[in-house]
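Whole structure, please, built from the sequences with the hints as guidance.
The listed protein sequences correspond, in order, to chains R and B.
Sequential numbering of the first sequence, starting at 1, is according to the numbering used here.
Sequential numbering of the second sequence, starting at 1001, is according to the numbering used here.
Please keep in mind that the hints were generated in silico from the structure rather than gathered at the bench.
Because the structure is a prediction, the values reported are computed rather than measured.
Keep in mind that a hint or two might mislead.
Lysine to aspartate or glutamate pairs mimicking DMTMM-like chemistry, simulated, CA-CA at most 25 Å apart [said to hold, decoys possible]: (1) K1108/B x D94/R; (2) K1178/B x E1196/B; (3) K1108/B x E1196/B; (4) K123/R x E1196/B; (5) K1280/B x E1152/B; (6) K1280/B x D222/R; (7) K1108/B x E184/R; (8) K123/R x D1147/B; (9) K1280/B x D126/R; (10) K1027/B x E1196/B; (11) K123/R x D1137/B; (12) K1178/B x D1191/B; (13) K1178/B x D1275/B; (14) K1178/B x D1192/B; (15) K1108/B x D1191/B; (16) K1027/B x D1147/B; (17) K1027/B x D1275/B.
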Amino acid sequence: MTDSQLLILLSTLSTGLILGAIFALVAAGVTIVYGCVWLPNASNGQFFLLAALVAWTFTASLGWSSWLAAIAVLVLGVGLSYFLEWILIRRLYDTPNRNVAYFVVTLGMTQIMTGIFSMTYAKWSDQFSLPPVVEGISMIGPFPIPNNRLFVMAVSLLVLVALFALLRYHPYGRALRAVFQNREAAALRGVNVRSIYRLSFVLGSTIIFLGGILFALAYSFDLTVAWTMSITAFAIMIIGGPGSVMGALVVGMTFGFTQAIVSIFASPTAATFSYLGAMLVILLFRPNGLFKR
Amino acid sequence: MKSHSKHLVWALTLLALSLPFAASGNKFFAFVLGMTFISLLWATGMNLMYGYVGLMPLMFAGVAGVAGYAMVHFTRTLGWSFWLAMPVASLLAAVVGVALGLPSLRLKGFYFTLCSLVIQTVLTLAFIFFPTYTNGDTGINQVAPPDWFGGELKGLGLDMSVAIFAVAGVLFCAWLVKTPLGQRFVAIREDDVLAEGLGIQVVRCKIIAFFIVSVYAGIGGCFYAVYVGFISPRAFDVLVSMNIWLYVAFGGRATIAGPIIGTAILAPIPFLLQDLQAFKDILSGVLIIVVTLLMPGGIYGAYLAWRSSQSRADSSSNSDKVQEQRV
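As structure tokens, then:
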């Protein structure tokens, strides 16, 4: 293998791992909320962008370090999730067929946030980036990679592992999976279904906010990333199986590598087209997705 | 239907058709009125699907876009008359709508809506990335007004034809929902398994509905193109589908008056907010949430509920009145 081939391979690998981990995170956030609360969050891309933009504000306007900005955004994100749950989400907990109603409500949220962003951030800049958390560049063979991206990659993968462990071993995770499978039976066994709904919404949204921060740390971004992320997260959720965290991880990683490979040879739009196509095929022929929830 | 409500329909029709004359003195009002009529045509089609069949087709604007672009292609490149290009383009859009919708007919509720959102996104991307017919993101400007016996149909004449098509669309919808076919739509909305069991061919009815709705979208799309004179992918994106949906849901789904009320109130707003386009997005987002959470029946639905509670208080014998009012 020549050096240039190795270079392409390593760059694809690193981009694929970072993008895949972020896709998997966001899709896991969406799929947890859908599986548990039955809320398909169409505004996940706007949440993602909101976190990135607020972090940008903290670093660019207030001069905070990226560390501080990331932590502040996460704290604000948890607060915002609780607030949204209290003002909007809990009002539909008992509605039959609430997934359509939730879908419409989150599409409304998408419009509100799109409007706010285009009144504010769109006027200030068209490309945003955060200062790196870690300085310096490492060499992997002939391939130079910024330490910052290595850091983001490590954090993303760690968070994925932690999330998986939380759902598998923590009592909350077990209660959540019980609600996934059968909410009546879970309620009978003493699980407080409404508080699990609330926790799931907050957990899922926070993971999406975290994904936005990680993306902003690794790459520069613009306002169009929101819609692309929404579509991608939904595609991952549908293909992986709504409510299946395992599916979100596997398909998210696959999509990340697809994006990394496709963007070498063709435009990223080709990747978006292929996600949409894959999602349509799965919706039409296997609506429960490839993985069991 | 009682005879006085028949008179009411005639009076409203005449009123609607006289509005372009009343507004013809002021170019701005005439334009806003024309756009409202086009939105009304769209909202009526959306109401047929969302209100009566019970499916939420978010690819509505995309289908309208197919017709708009096709019409421009026919008139500009092939040199057809608008009055030939418009029906052909609308039928083409209907075929596309049915072809795209066909596989999704098995899906219900959220999955159908998501599928239609995906189709809408594919159509929007297609408008951007196949510039041969669409001129990509830049859009096509200076779309010529319809031809009219050698001249061009502009001003009051164009306003009138838009109004006539919108009123005809509403009257057709009002007629259709009372036919056996329209009743079948309602049966499918209420319970499609039961409808199937009663011998209704659910898939065939849905295909027919898709076809009719896409024709509504297509005619609206063609008139939008000639009326505004400019089309671009943004004119037919998912936000437009959501707005049309909002007109129906805000006014009152599954009623004839609902979309009229919703369109009359909401459609002029963006034109009154000229410099604050982003604010329009925020407003419609807020309205979407408010409608979904607080008034699922819309304005007219809330009025009907109030009136039926009034009449129930007056006498309990008039229970069939409520049935009638829904139609």
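Hints versus structure:
1. K1108/B x D94/R: 20 Å, holds
2. K1178/B x E1196/B: 20 Å, holds
3. K1108/B x E1196/B: 14 Å, holds
4. K123/R x E1196/B: Roughly 54 Å separates the two Cα atoms, so the pair is violated.
5. K1280/B x E1152/B: 33 Å, violated
6. K1280/B x D222/R: Status holds; Cα separation ~22 Å.
7. K1108/B x E184/R: With Cα atoms ~23 Å apart, K1108/B and E184/R stay inside 25 Å; holds.
8. K123/R x D1147/B: Violated: K123/R and D1147/B sit about 42 Å apart, past 25 Å.
9. K1280/B x D126/R: Measuring from Cα to Cα gives roughly 21 Å; hence the hint holds.
10. K1027/B x E1196/B: 51 Å, violated
11. K123/R x D1137/B: 20 Å, holds
12. K1178/B x D1191/B: Measuring from Cα to Cα gives roughly 18 Å; hence the hint holds.
13. K1178/B x D1275/B: 43 Å, violated
14. K1178/B x D1192/B: Between K1178/B and D1192/B the Cα gap is close to 19 Å, so the pair holds against 25 Å.
15. K1108/B x D1191/B: 11 Å, holds
16. K1027/B x D1147/B: 20 Å, holds
17. K1027/B x D1275/B: 18 Å, holds
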